[in-house]
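Given these sequences and hints, build the entire structure.
Next come the chains, spelled out residue by residue.
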Amino acid sequence: MKPQVSVSTASQLSAIILILTSSLLLGSCGSSENNVSKGNRTGTLHWGNGTEPQSLDPHIATGVPEHKIIIALMEGLVLKDRKTLEPRPGVAKSWEISDDGRVYTFHLRDNARWSNGDPHNAHDYVWSWWRALQPALGNLYAYMYFSIENAKEYYEGEISDFEQVGVKALDDLTLQVTLKNPTPYFLQLLDHYSLYPVHQATVEKFGSADQRGTRWTYEGNIVGNGAFQLRDWKINRRVVVERNPYYWNADNVRLNEIVYYPTENAITEERMFRAGQLHYSGTVPADKIATYQSNNDPALRIDPYLGIYFYRINVETPQLQDKRVRRALGMTIDRDQLTQRILKAGQIPAYAITPPGTMGYYPESDLRFDPEAARQLLADAGYPNGEGFPSTEILYNTSEGHRKLAVAIQQMWKKHLNIDVTLLNQEWKVYLNSVSMKDYQIGRAGWIGDYVDPNNFLDMFLCNGGNNRTGWCNPVYDELILKHAPEAKTQEERLEIFTQAEKMLLADMPVIPIYIYTSNNLVDPSVKNFSGNILNQPSFSEIYLEPDNGGQQ
Amino acid sequence: MLRFAFNRLLQAIPVLLIVISATFFLVHSAPGGPFSADKAVPPEVIRALEAQYNLDQPLWQQYVSYLGDVLQGDLGPSFKYSGRTVNELIAAGLPATAELAMYAMLVALIIGISAGVLAAMRPNTMQDYLPMSAAMLGICMPSFLLGPILVLVFGIHLEWLPVSGWGDIPGDKILPAITLGTGYAAYIARLSRGGMLEVLSQDYIRTARAKGLSEPLIIFKHALRGGLIPVVAFLGPAFAGLLGGSFVVETIFQIPGLGRFYVQAAFNRDYTMILGMTVFFATLIILFNLLSDMLALWLNPKLRQQAGGES
Amino acid sequence: MDRLQAMEEKGSSLWRDAWIKLSKNYLALFGLGVIALLCIVSLLTPWIAPYGYEEQNLMLGATAPSLEHWLGTDIFGRDMLTRIMYGGRVSLMVGFIATAVALVIGVLWGAIAGFVGGRVDAVMMRIVDIMYALPFMIFIVLLMVVFGRNILLLFLAIGAVEWLTMARIVRSQVMSLRKQEFVEAAYSLGLSQWTIIRRHIIPNTLGPVIVYTTLTIPSVMLLEAFLSFLGLGIQPPESSWGLLINYGVETMEEYPWLLIFPGVTLSLTLFALNFLGDGLRDALDPRTSKD
Amino acid sequence: MALLDVNGLKIYFHTRDGVVKAVDDVSFSVDSGETLAIVGESGSGKSVTCYSLLDLLPKPPAKIEGGTALFDGEDLLSCSLERMQHFRGNDIAIIFQDPMTSLNPFISIGEQLIEPLIYHPDKARRLSREDASKRAVELLDEVGIVDAPARFNCYAHEFSGGMRQRVMIAMALINEPRLLICDEPTTALDVTIQAQILELIKQLQQKRDMAVIFISHDLGVVAGIADNVIVMCEGTVREAADTESVFYRTSDSYTKRLLAAIPEGAKTMANRAEEGQPLIEVSHLKTYFNDYSSPAARAEKRQVKAVDDVSLSIQRGEILGLVGESGSGKSTVGRSIMQLVPITSGSVSFNGTPISGLSSSQLVPWRQRMQMIFQDPYASLNPRMTVYQTLVEPLLYHGLANSNNIEQQVQQLMDDVGLARASMRKYPHEFSGGQRQRIAIGRAIATKPELIIADEPVSALDVTIQAQVLDLILDLVERHNLTMMFISHDLSVVRYISDRVLVMQRGSLIEEGKTETLWANPKEPYTKNLLSAIPLADPKSERERLSS
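Residue numbers (the numbering used here), protein chains in the order written: chain D, 1324 to 1876; chain E, 733 to 1043; chain Z, -15 to 275; chain U, 447 to 994.
Since the hints were derived computationally from the structure, they do not count as laboratory data.
You may find that some hints are simply not true.
Stated by the list, open to error - Derived lysine to any residue pairs resembling SDA-like cross-links, with alpha carbons at most 20 Å apart: (1) U:Lys872 <-> Z:Asp1; (2) D:Lys1738 <-> Z:Gly61; (3) E:Lys771 <-> D:Cys1796.
Structure, rendered in structure tokens:
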């Protein structure tokens, strides 16, 4: 009968509400063991990984989060020491370098296997490097190969025969690489993921070799040669890797799994770490660092990082054409105050572009904080006491950290030079567009080294350097970097040439170095064998979990 | 009723078409392409990438072929997540977002309606002022503020609930649902108070009283249905808003939902992703508005039979 | 319209009567007082602020409230009281002007759609649907690129978002009003549609419009913070309450006063606006004077 | 002792503007099988008195300041809410004025009917849903709902006004109350329906030996059914006596005024209709609306023929009455002539010029020459405009005044319609219904029109006010030489005011004639029915009529 209808709908509705409520609440009951203590029991490392990886293909990927996953899944010929970054045997158990420093012969391990059990040999490298140099693949790190003979020529289509490129499999277990010039940092490059090998059969199973965006890197498909293999990839949720039983050194791998969390928000990640949901967080908000420091919390690890934070100056801007003006700007940034009062994470004031100590290189710089001299320079340039200096704009991409620094620098320039500077933040892609179009006056920039060598920093400012973007061009500088340095007989001579080049750069000051990055990591005390290094590169195959007495904090 | 729904869906077609077209040309005219990066990208790489995603064709040609694909339900490949299709990504993000929206709505309805009804039962007393003042704060309390406060209190200090996650740790859905639901709860409280006040002053409530029915029976059986019609009409836009507006909450609580995709796509100039999400959200908005209108019709027997004189 | 000019002169009596009634409503007067005080302080800020708004003291850094800095200082050592006072200038201006933009567009749009009805209504409301569905952030970024950074643009962008809901509210009001006999009476007087909308329809939608407006102003202030954060709108070292709250949230554990004081200011504004709004709604409804 | 004994009842309303004595020292009693009528105009406190018996008044602002109401010896005014819920519906039931709003539109009437049974406060007396439904269907049948089992599941909007009131009566009677309070149960109904409902209440009372309190503003209505009458005015009892004494031998001045105000007899003024060209000529007018009442109607684009082929003419100076029951299309005829609704076919000429089909701007000069007065004085005035603004609008819009003489013109209008000049700056809500209707009339005559169409201008007003407004209208017609179309469902009023009468039924004109001729000798059965249903303010003849 219909009179019941209203009552029954009401009861149905309340039933639905009841079910929904209980499902919401039911989820909340249960054990309260957090990820860290559970992970310590099961050998699972919970890793805060910044953002969602865009690709796990080593020849396509570009970002840091991707890097952290790929190094677990794959391995190059050579590994680095987790502390000193000295080359250590990887897939290659040993190697010889010819006397002229141009020919490298690698002897591969006979027990190296792909994660599906396939044998792993020298031909894999030849094929993989051929793939990495296909222009259609859009490999942004193709330039990492350019120290190899004819690699650049092949990539740019000047030669079409890959045979002429300096890489050869002498036999199944011997790989010979011929370089254009002696390149002291070549062994380091081999540990960069862009030179990792990929499994030919798997790649070709899901598409052609030079095709982007095939599904070969997904869970269930991907085959690697690293200590771990991909088990699960839930977008925006987690990436899970587990031990690879075929890894040549599998017996010494002590972690069972690593769970990577794409968190994006540094504040969220820090809270997750504090609540015991993560073993590791790699992005600590600046204001939190002080709190950790004042508590003497052992979880906070601060290490120098091979990266420089600087301001580019568009030298075509009328009021910034005069290098005295640029120097004056550089000399009125109180870097000590910035690093101590704003950044607060042990960052090192930078007075040159290359971080000191890079492969034994210590740049000589006459740059220092000297408002008196700066005012004089500005006066010489025609702006005594900042009078008549047009309003100038600092461009930075939207981010709290960049904003803080810009606000402080704006005020320093106002105070010391009496010039008006405005700030402009742009959303990331707009900012990239503005900078590459040179549609800016002063622009925030940063550079993280791909490998440990001054060259990686100084070749940015070649006339035609894609990353120059300042409009500054000095043929003498180009010649030093491109011609004299590669031809240097000894490392001392080479570094001397770099010193000379860097001095020229600093004298003209198309870029204002500000500080040298540090890597700020939060690492749970139970994580062992985690060593800070200037590339901030963990060695997952060595890490293990062992709670201290008394267990978790 | 069906006819009403059909007509509304018919009207939705031009709306969707305009939304797609406007968004298409909007995103393509925004500065910065999908492949620009921090480190300079060699022009040959850009060319190779553009060829692969047909970005080297004239814009109108891209537009036509995109429309064709959309009509077949194919939203194209994502530019950013190499190898994933937009359909796949939406399917990956939807469950969490939909679930979150549902719980948030539940929170909003339970808190909002009880507060609104309580307030309406004794207007202009403390029982009215207290929940309504709270509601006012709730409306304007941004989730980027409420979320962190809840996390600090319940997650870090009291250690009652997880600070993030979705379905990983028991109870990790509670704080996000509350954070997202509060603003809507506040709005629903105001709406249901207004609706209930209106209904409680109606003659038929007096009739019910005169019949000797108890107060709870009057409130729940006689008043609630009419009093909640404004709330029901608000449900559609609210649910669409919950689905689309969950970005902040998803970020704070590390929830693998659609909101994060949308914002990431916009920042990354992932053209197909932006377009796909826009089409998807626009469809949802239209659908939910339709559903809530139909629900409001269904609740009112008179309109139910007329199926809406004027749509 | 000239013929109605004389009417307008006498027509102010609704507002005059409203004022008389408002002046008897203490809660509304309190709200008005707070808003007026905030506005006056904002106007006078450059002369009465204890410090310069960009005056940094990096060595001092973030300090809790003290005798020198009543509301503490931020991480640059800038005085929070000064920052809040200057922020109020931006927030109040954005709040009032953008809301006014939304108000004018929304009320007109909703009134016309609801009053004319039929096809016109359908088309106008579908346009609202489209606007709802467009990706807001892309829209903002484009505006920013096309027109450059401009505070006016900020008002436009915010107004462009907020008017949609207003239009819907007004439309549903108007749809019920237009069937009332006094509208029919106005028709039979021969008044034009526009005159009827202006004189008979819109004044009778004031109640819900005012209430929604008082809710819109604070949410506009917060939206401004989001847009400024994206790079549209104001730039450091200038600030607004929304931005101060935004920054405050990030350091709420370390320096809670950076969140509490702007938050309290915004909440106070919100409540004041709400009291004023409720009071205005009652005052503008001649019927409420006698129960 | 009587079943209900009310003594010294005092109810005050405490408002922001002070204390209003809504009911001041009212006493009465009523016994089983007896009908007590409480008569008074709006604001007299008659409804407040009865609502207080069931504690249905909003508190605050209402407060009972004194008195007792003993029902079976128990004081209703001081009992607990729980005890009150026992009385409500079970011992004392109430029927409200407006059956449109008094039934819950969201719940089927069957469900509403059985609620008092299945949720009975006395658990022992609760019935099962099935038993209750059976009982309800029987009762529906008894109150005259045809096909009651099927109608049981319908919603309120599916019933006509009269049927709804029958449902209300059934609902009131379902627990067999001993006292039934009827609050103006027929005021919102058509005259023929009113007669039926009165009849029904009478029958049911006799069958059940109930006590009935019948509240009405219309003495005519109570004449036939009341045993005793109390007349209330401004919260006090002016007269309390048996019905015949009140009607035939009253000494109270107010009661006399009430009786005198009942429109009776023919028009006292001369017919001023001029010969020659009619001012308004309507030929073959058809006004159809789209029918959205059901999905089927919508799908088939069915139309409601509100006005179907109506031809009529109005002579200059004439007052034409248009009568019909609700839904007959009489208002639509008026609106069609005014060009307020689009007409489907046919033509309307004003003074020989066709005005149907003109655009709204072309109509402006014609609008000045014809004006309309609406039924509801609450809805027809913009609540946010003062009287002054309302009256100024037509004057200025049509250029009939300028800023120099505007004040004076408005004052003239206020004088014309009998409003104090001082109240010019007040808002509509500050006036009583009658005064509001005067404002509306003032607005209509402001443009100095030739024709006024009055759509039920007095049906929302109390009798005494109604009489005043009718006299005002007649006076204005005379003074301004107006032509008028007077639309009403109230035949007495139409007889009192019009020269000629048209009768409408279902969109068509069915009868026409000079007023007195028609009254004396109606031809159509429908017209006869209408005329015979008019309640008379004469207990003797009214009783005869009801029993016949």
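Status of each hint after checking the structure:
1. Taken as a hint, the Lys872 (chain U) and Asp1 (chain Z) pair is honoured in the structure, with Cα atoms around 10 Å apart against an allowance of 20 Å.
2. Pair hint Lys1738 (chain D) plus Gly61 (chain Z) holds up; C-alpha atoms about 15 Å apart against a cutoff of 20 Å.
3. Taking the CA atoms of Lys771 (chain E) and Cys1796 (chain D), the gap is about 19 Å. The hint holds against a cut of 20 Å.
Hint violations for this structure: none, all hints satisfied.
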